[in-house]
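Chemist: What follows is the residue order along each chain.
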Amino acid sequence: MPDFASARHLPNLREGKEPPDKRWLPRQRRGITPQMVGRYPDYDVLEQIDAWDPATRRVIEERMRAGGRRLTFFTTAEERTLRAFCDVAVAQDEEPRVPVAELVDEKLAAGRLDGYQYAGMPDDRDTWRLVLRGLDEAAGERFGAASFADLGLTEQEAIVVELSRGNLTGGTWQTLDAGRAWSVCMRMILSAFYSHPWAWNEIGFGGPAYPRGFMRMGPVGTLEPYERAGATHEDPARMAPRLEP
Amino acid sequence: MRPTFLKGAIGPRANDSRFLLDVHHRQLPGEATMRRYRDDEEVDLAVVGAGAGGSVLAQRLARRGWRIVVLEAGPFWHPDEDWVSDEAGSHRLYWTQKRIIGGADPIEMGKNNSGRGVGGSMIHYAGYCPRFHPSDFETFTRDGVGADWPISYGELEPHYRELERELPVAGQDWPWDRPHRYPFSPHPISGGAQLIWKGARALDIEFRVGPVGIVNGTFGNRPHCIYRGYCLQGCKVNAKASPFVTHLPDALAHGVEVRAGCMATRVEVDASGRRATGITYVEEATGRERFQRARVVAIAGYSIETPRLLLNSTGGRHPHGLGNGEDQVGRYVMVQGADQTAGRFPTEVRMYKAPPPEISSEQFYETDPGRGFARGFSIQTVSPLPIGWAEHVLADGHWGRALREYMRDYNHWFAIGVLCELLPQADNRVTLAEERDRYGMPIARFDHSRCDNDRHNMAYARGVITDLLRAAGAQDVLSITRYAHLIGGCRMGTSPAESVVDRHQRVWGMMNLYLADGSVCPTQGSANPALTIMALSSRLARHLARNPA
Ligand SMILES: Cc1cc2nc3c(=O)[nH]c(=O)nc-3n(C[C@H](O)[C@H](O)[C@H](O)COP(=O)(O)OP(=O)(O)OC[C@H]3O[C@@H](n4cnc5c(N)ncnc54)[C@H](O)[C@@H]3O)c2cc1C
Ligand code: SF4
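Line by line, the protein sequences give chains S and X.
Using the numbering used here, read the first sequence as starting at 1 and increasing by one per residue.
Using the numbering used here, read the second sequence as starting at 1 and increasing by one per residue.
It is worth saying that the hints were derived from the structure and are not from the lab.
Treat the numbers as computed from the prediction; the structure is a model and nothing was measured.
Some hints could be false.
Ranges of calculated distance between the beta carbons of each label pair, as one might list FRET restraints [what the hints assert, rightly or not]:
(1) X:Leu203 with S:Arg8: 22 to 28 Å
(2) S:Gly68 with X:Leu203: 39 to 45 Å
(3) X:Ala32 with S:Ala109: 52 to 58 Å
(4) S:Glu79 with X:Pro442: 53 to 59 Å
(5) S:Gly68 with X:Glu435: 35 to 41 Å
(6) S:Arg8 with X:Pro158: 53 to 59 Å
Selected chain X positions facing chain S (in silico; Cβ < 10 Å) [stated by the list, open to error]:
(7) Gly102
(8) Asn411
(9) Phe446
Chain S residues, not near chain X, derived (Cβ > 10 Å throughout) [stated by the list, open to error]:
(10) Arg27
(11) Gly38
(12) Asp50
(13) Ala91
(14) Gly152
C-beta atoms are modelled at their ideal positions from N, C-alpha and C, and glycine is treated no differently.
My request is simple: use the sequences and hints to build the entire structure.
Modeler: Below, the structure is given as structure tokens:
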């Protein structure tokens, strides 16, 4: 039985900072979450869509249509590596997936950038292309693969951990600061992933709250009528194989 | 302390914005019937930037009968349609035109510190409205660091008081330094803020509720806050103060034209080189270059754009840009060290409810020799939404599976932040880069590095908030190093050798060119800057009304 009062599942408090296998979590029973796991199996933020103002609703509905859209900024050759990288960066290893690659592509195609560029770094759009090329090079150099996308998850994670620490060198990385490039890409990936209602379901976020607002602010643990507490017990019939955290 | 008035009962004397707003929609009243001026008509005042500083200046002087045009690069907002209750969807509110960032500690721009559009950065500021402390105006005399202002706290105090009524500011009686009261009562606080309060008690750290520019009760036609937590995405409720609701309605009612979608590219001067004649700007919709004549020119584009505009206004007697004869324009730009630390609690906290600005402490604001560095910091609640929280988790070194695990734990976390006073340094400056924007103007480059005092202050402050969260019962803590707010770049002073404007914010050597924004501040204290920027503009307006240039 998962116990959310304890913090045993948090990576910083665990051996080797390794998170538990996601199968310690209940499967989603209501609505959709990425990979159908989450902490709020009976909560679907989209059931509240009628309470959102029209402008907000339009923006979010448009975002939810991004899945499967043809990419316009990235080339077909870049697409596989892009998808593999986006998957590893936020651990999306199976369907359903938040369409991170599509959302990133759309942002770059529209030139919706963040308004700053580190001295010595290229434009964010060029940085993305270079990162994908650099990932393929690293895959070749370390594992003899033609593309980052051809690697297994463990190998992909091994490369990304080096990228995140700014440790990739050689080839493309000669001219590109890996640590800065990582932050450029992650900014966009995280903003895509956590802008999606499926991710809000996974983390139990209340979502847009205009015009209704939140009326129950405390004491801690107080819920709005439509919010759901983290599930501490599940319907055993629907549960994935259980591991202890 | 002066005898106080009934809280919430009395508004400002000379500002009707709250009554002009409409209860049923959020549009800026008066847009359709707004007065228009011709380019070749010499208006009394042309202002660049409809933000905190520019809007207050325009509103004040319009009431004195001045004919005023405000040029604003960004859009004229229609909040009901343009703003959303959503993080990623709020991208348009930010100044996202490219800027180059350099130095040993580069400052990330965009959503973090500058807005673009009618209302300026306060459209998406958090809403904290503290005053600076008297010591902020004389850090050099008191602590041997930074710079003294050519004006004192006392000169701003009446303007602070007036603006606190106009916003209006809600909070508990303020005990620190120069004690004062707020016109509106403190808001109720969330369960998360109560946890912090409890932890602080255990460490003998005093907190107070507020001060926030958020309506508590009603204020004219502005409603009570609905605690939805999207203050940094623009308040669709009209509860949070910004010039869009606090000063521009009154300004428009008194004949101000706010010309949106107009990017100023140069301030023009006459043959003498001492008098500004008006502003050259590019009209976004047509791409056409135009020129607005004006008797007095005020620039209020904030700490990056104001220096950029001055530096770009070269020619004749000003080969290095206006006010830059002594190479002072763009120097001493400051940010605040704004590390945030989040704590994990056994119960669900749900920090997305309630406005992020709830409670704050100025106990560590002043220099304490025992800490081993000069000046200090303040502590405030910050409550990031999911994307902000993801950036926080990433900064602690987690991505992929570990990041997802922390993200799923969101509802058990509560975050607080510090604002550390970082010292003004000549080489923390705005310059022009090679690259040009679509108006043909060189883009700005901002270099920033911390000094030892800055690093010590930030390390100490992070220790305090980490201890505080532990004392509140946190099981795990995650931290992010970051910076917030911009100040300086064209500081005021007593001589052109070490400043850009005089004590009345007039550019040295110019008869009728003023700066009316955060760029003029020589130091920044540990307080959020918006209220002070507005108070400075209010003071400037009084000066101009009495001494028409
Ligand atoms: C996320 C965030 C949170 C914040 N939180 C707080 C807080 O809690 N409390 C607080 O006190 N402060 C806060 N601030 C800071 C505060 O908003 C700013 O300090 C303040 O608004 C600056 O006022 P200003 O008049 O100098 O500039 P702005 O309000 O930024 O106004 C400048 C305006 O000029 C326009 N402009 C610039 N250049 C040109 C040009 N060439 N031509 C035409 N127009 C131009 C811009 O588009 C902009 O609208 C926050 C800021 C941000 C971004
Ligand atoms: S929490 Fe209150 S002040 Fe903030 S955006 Fe919502 S209604 Fe406005």
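Chemist: Taking the hints in turn, state whether each one holds.
Modeler: A quick look at each hint next to the structure:
1. X:Leu203 with S:Arg8: 22 to 28 Å: With Cβ atoms ~27 Å apart, the hint holds.
2. S:Gly68 with X:Leu203: 39 to 45 Å: About 53 Å separates the Cβ atoms of Gly68 (chain S) and Leu203 (chain X), which means 39 to 45 Å is violated.
3. X:Ala32 with S:Ala109: 52 to 58 Å: violated (35 Å)
4. S:Glu79 with X:Pro442: 53 to 59 Å: violated (36 Å)
5. S:Gly68 with X:Glu435: 35 to 41 Å: For Gly68 (chain S) and Glu435 (chain X) the Cβ distance comes to about 37 Å; the hint holds.
6. S:Arg8 with X:Pro158: 53 to 59 Å: holds (57 Å)
7. Gly102: Status holds, d = 3 Å.
8. Asn411: holds (5 Å)
9. Phe446: This interface hint holds because 8 Å falls under the 10 Å limit.
10. Arg27: Per Cβ check, Arg27 (chain S) is outside 10 Å of chain X; nearest 14 Å; holds.
11. Gly38: violated (7 Å)
12. Asp50: holds (14 Å)
13. Ala91: violated (4 Å)
14. Gly152: Its Cβ never comes within 10 Å of chain X, the nearest being 14 Å, so this holds.
The earlier numbered hints that this structure contradicts are 2, 3, 4, 11 and 13.
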